[in-house]
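K.L.:
Sequence:
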Amino acid sequence: MCYAILVSEAPVSSADVIARIAALEASLARANAALVARDLLIDTLRGQIAWLRRMQFGASSEKLGREVEQLELALEELETERDVSAVETAAPEVAPRPAPVRSLPDHLPREEVVHEPASGACTCPDCGGMLRRLGVDTHEMLDVMPVHWRVVRNVRPKYSCRACEKIVQAPAPVSAVARGKATFATLAHVVVSKFDHHLPLYRQAEMMAAQGLDIDRSTLAGWTGQAAVLLDPVVSRIRDAVLTADKIHADDTPVPVLDPGRGKTATGRLWVYAADDRASGSTAPPATWYRFTPDRTAAHPQTHLAGFRGFLQADAYAGYDGLYRSGVTEVACWAHYRRKVFDLHERIPTPLTTDILQRFGALYAVEAEVRDQPPDVRHRVRQDRTKPLVGALREVLDAALRRLSPKSDMAKAIAYGTKRWPALCRFLDDGRLEIDNNIAERALRGVAVGRRNWLFAGSRAGGERAAAIYTVIQTCKANSVDPQAYIADVIARVADDWPASRWDELMPWNWAREPVRLAA
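The working numbering numbers the first residue of the sequence shown as 2 and each following residue consecutively.
Simulated from the structure, these hints should not be mistaken for lab results.
Take these hints with a grain of salt, some might be off.
In silico lysine-lysine, DSSO-like type, Cα no more than 27 Å apart, as pairs [said to hold, decoys possible]: (1) Lys159 to Lys182; (2) Lys388 to Lys413; (3) Lys388 to Lys341.
Work out the full structure, taking the sequences as your base and the hints as a guide.
P.N.:
This is the structure we're talking about:
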């Protein structure tokens, strides 16, 4: 850069050179300061997003969700700007690159593109001699194609007997929708796009229109309803599997529902009941069952779990108390307890909050070691190592309560757990139990994401339909089954009068995919 300044047509004095260098250094310093400020803003936004996400789950207002979305967009733009500007200004050999993809999955189809020399593969461009092949260099790249729509034309030839004139023809294949134009695979695509990929139907209609496929949103809604009806037998079997488990994880989340009479939305609830013992080494298949209700009254969980008498792991919602009085055993959640203290620590860290959170961390460190171990191993380790830690924690909490004002936020956070101490400690005496209710919370995270996209359920029937489809999708994912392939295949079998005596074969944990059958 200095040479560029010195080489000029007119003589340049040393003072001019020094002044120009000083100006360049000042400009560079300002640019570096701007980069540092941008990186600091990126780190700050990441911290704010992480904090808001911890606050967001279970919040009664959607305002937090919108704030997170805005911060995510701002962070995305800043990170994109950082990478683009770095590529534009840095030398090619030092330009930063995205994290590399080490390998591409073997199951993806391969298309080979051979790049021959411009002079051809036979003759040397220098001397004209014959070329011989030494080997090849290969490099794989991930490519994408838009959703590929096609029309399946079902052709049924008719034949007549020359002797008796009998007409012979194959029966019409079963249709996904009576007199409709969608295959079972299309229904599955629409359903999974909405409830798993969080694309509301009007957006799907817009995407189809961009590919020259004009399908009204109301038609997509009808297809969604038809898929839900065909999945009803599967949903019933998943519910039975959950209710026969020894331990259930339960939680709920708000779902806005249109209330046409008042011109606004009401708040319904989506409940989740999950049976999943994989963390204790069980080979029993996990199952997740959802229910929709128009409100959050205690009658709903008591109706859903009527007859259940095992362990119920849930938050401190008073609506479960009737179940506990009827013989269900309460198991409280340490994650909820920790969150109470952590929120205060984020606002104003103190030696007390730091000490309590470190003690919580020690409990979870032991749990990480015994994850996937059989119940007897988990029970033994918890008795030997976790129980003394829990006893020491209780002494710290009791001492803090004696010092703090009962009306202080810290005293209230501590009392949240001490009031439920027997239920919090129940996991110590049974290796099948978990330390927290994260299994149920994870099952609701997809609902929280989708709720911001499809905004509300159109009616109570719409909420119940969403609960049924979530039941199938989440149970598929818990059993490592592709929801779209599963739904496409299973609704085709159900529509084709699958025998009730063989319902168990259609459960996600038993499902074996049949060859695709093309039907109108």
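K.L.:
Each hint should be assessed against the structure and marked as holding or not.
P.N.:
Results of checking the hints against the structure:
For the hint linking Lys159 to Lys182, the alpha-carbon distance of about 23 Å falls within 27 Å, and the restraint holds. Our distance criterion of 27 Å between C-alpha atoms is met by Lys388 and Lys413, whose separation comes to about 24 Å. Our distance criterion of 27 Å between C-alpha atoms is met by Lys388 and Lys341, whose separation comes to about 22 Å.
Figure legend: structure checked against the earlier numbered hints; every hint is met.
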